[in-house]
Amino acid sequence: MFRQNFHVVLTVVLILCVRLFWETHATSEFCRKCSCKGAPQRVNCTHRNLSSVPQNIPNNVEYLDLSHNAISSLEQNAFETLTKLKTLFLENNKITNIEHGTFKGLHNLQTLRLTNNKISKIEKESFVNLPELYEIRLSDNKISKIEKESFVNLPKLHEIDLARNEISKIEQNSFVNVTRVNTLRLSDNKISKIEKESFVNLPKLHEIDLARNEISKIEQNSFVNVTRVNTLDLSHNAISSLEQNAFETLTELKTL
Numbered sequence: 001m002f003r004q005n006f007h008v009v010l011t012v013v014l015i016l017c018v019r020l021f022w023e024t025h026a027t028s029e030f031c032r033k034c035s036c037k038g039a040p041q042r043v044n045c046t047h048r049n050l051s052s053v054p055q056n057i058p059n060n061v062e063y064l065d066l067s068h069n070a071i072s073s074l075e076q077n078a079f080e081t082l083t084k085l086k087t088l089f090l091e092n093n094k095i096t097n098i099e100h101g102t103f104k105g106l107h108n109l110q111t112l113r114l115t116n117n118k119i120s121k122i123e124k125e126s127f128v129n130l131p132e133l134y135e136i137r138l139s140d141n142k143i144s145k146i147e148k149e150s151f152v153n154l155p156k157l158h159e160i161d162l163a164r165n166e167i168s169k170i171e172q173n174s175f176v177n178v179t180r181v182n183t184l185r186l187s188d189n190k191i192s193k194i195e196k197e198s199f200v201n202l203p204k205l206h207e208i209d210l211a212r213n214e215i216s217k218i219e220q221n222s223f224v225n226v227t228r229v230n231t232l233d234l235s236h237n238a239i240s241s242l243e244q245n246a247f248e249t250l251t252e253l254k255t256l
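Heads up: the sequence shown begins at 1 in the UniProt record's numbering, then just goes up one per residue.
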């Protein structure tokens with residue numbers, strides 16, 4: 001009996017040792033391609049001409065920079081094992097779309113930057129269940145539309161940057177349970193009209209930047225439930241119609 005148990009324990013130990021060896025080897029191989037520094041781990045994979053998210057990224061990484069590459073797509077669950085990740089840079093790539101579940105498992109992610117890609121559309125629930133996310137930057141893409149419930153269950157999100165895209169319309173309920181957002185940048189788009197209740201689910205907004213769009217009309221109740229806004233930039237538009245009491249709810253507005 002003792003001998004049998006000994007063999008079982010020995011087998012388990014050998015399996016664990018082999019697994020540890022291969023994991024260590026994989027991490028070592030990965031860190032030859034990218035720069036791995038510090039503890040907690042910081043990984044820099046910029047300017048590596050990567051066409052996809054590399055495999056065998058160390059699971060303990062907290063900072064991952066994949067900017068300035070040729071990544072064109074993000075597979076579902078591409079980052080699922082990186083549960084400690086806090087900062088993810090994907091700027092200056094060739095990403096065209098973001099699938100539902102792409103960022104699944106990133107429960108500690110605070111900063112997500114996707115600036116200067118080729119993203120044309122934000123699908124429903126593209127960004128969902130990222131409980132620690134503080135800022136997301138999607139400027140300098142080709143986004144033409146924000147689908148309903150694109151941003152869902154992001155309770156700590158404070159800043160959304162969608163400047164310099166091709167957005168023509170903001171759907172109602174594009175933002176759901178993102179009640180802490182205080183800065184929304186939508187400058188340099190193609191928005192022609194501010195719909196009623198466009199920002200109704202963003203009660204803590206302080207700053208809305210809508211400069212350099214094609215806005216010609218602002219309807220009554222466009223800014224309902226955003227009573228804390230103190231800065232609203234509508235400069236360089238072509239506003240010709242302003243409905244009565246369009247800004248009635250903006251009781252704390254200081255800069256227009």
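No lab work stands behind these hints, which were simulated from the structure alone. Every residue, glycine too, gets a C-beta built ideally from N, C-alpha and C. Take the hints with a grain of salt, since some may be wrong.
As the list claims (entries may be wrong) - Straight line, CA to CA, 25 Å or less: simulated DSS-like cross-link-like pairs of lysine-lysine:
#  : residue 1 : residue 2
1  : Lys84     : Lys104
2  : Lys124    : Lys190
3  : Lys94     : Lys142
4  : Lys118    : Lys196
5  : Lys169    : Lys148
6  : Lys156    : Lys124
7  : Lys190    : Lys145
8  : Lys121    : Lys193
9  : Lys190    : Lys169
10 : Lys142    : Lys124
11 : Lys169    : Lys204
Stated by the list, open to error - Okay, the calculated beta carbon distance ranges per label pair:
#  : residue 1 : residue 2 : range
12 : Lys254    : Lys148    : 26 to 36 Å
13 : Lys148    : Gly38     : 20 to 30 Å
14 : Lys204    : Glu171    : 28 to 38 Å
15 : Ser168    : Ala70     : 38 to 48 Å
16 : Lys37     : Asn97     : 52 to 62 Å
17 : Ser35     : Asn173    : 16 to 26 Å
Comparing the hints with the structure gives:
1. The straight-line distance between the Cα atoms of lysine 84 and lysine 104 is roughly 12 Å, inside the 25 Å bound, and the hint therefore holds.
2. About 21 Å separates the Cα atoms of lysine 124 and lysine 190, which keeps this hinted pair within 25 Å; it holds.
3. Distance hint between lysine 94 and lysine 142 is fulfilled; the C-alpha atoms sit about 11 Å from each other, no more than 25 Å.
4. About 29 Å separates the Cα atoms of lysine 118 and lysine 196, which puts this hinted pair outside 25 Å; it is violated.
5. For a cut-off of 25 Å, the pair hint linking lysine 169 to lysine 148 stands: about 11 Å separates their Cα positions.
6. Among the hinted pairs, lysine 156 with lysine 124 is consistent with the structure: their alpha-carbon atoms are about 19 Å apart, no more than 25 Å.
7. For the hint linking lysine 190 to lysine 145, the alpha-carbon distance of about 10 Å falls within 25 Å, and the restraint holds.
8. Proximity of lysine 121 to lysine 193 is assessed by CA-CA distance (about 19 Å); at most 25 Å being required, the pair is judged to hold.
9. This hinted pair checks out: lysine 190 and lysine 169 have alpha carbons roughly 8 Å apart, not beyond 25 Å.
10. Restraint check for lysine 142 and lysine 124: satisfied, since their Cα atoms lie roughly 17 Å apart, inside the 25 Å limit.
11. As the CA atoms of lysine 169 and lysine 204 are separated by approximately 21 Å, the hinted pair is consistent with the 25 Å bound.
12. A hinted range of 26 to 36 Å holds for the C-beta pair lysine 254 and lysine 148, which are about 31 Å apart.
13. Between lysine 148 and glycine 38 the beta carbon distance is about 41 Å. The supplied range of 20 to 30 Å is therefore violated.
14. For lysine 204 and glutamate 171, the Cβ-Cβ distance of about 20 Å falls outside the hinted range of 28 to 38 Å, so the restraint is violated.
15. Between serine 168 and alanine 70 the C-beta distance comes to about 29 Å, which lies outside the given range of 38 to 48 Å.
16. Checked against the hint of 52 to 62 Å, the pair lysine 37 and asparagine 97 fails, with Cβ atoms roughly 32 Å apart.
17. One distance hint, 16 to 26 Å for the beta-carbon pair serine 35 and asparagine 173, is violated here, with the actual separation near 42 Å.
Hint compliance for this structure: hints 4, 13, 14, 15, 16 and 17 are not met, and every other hint is.
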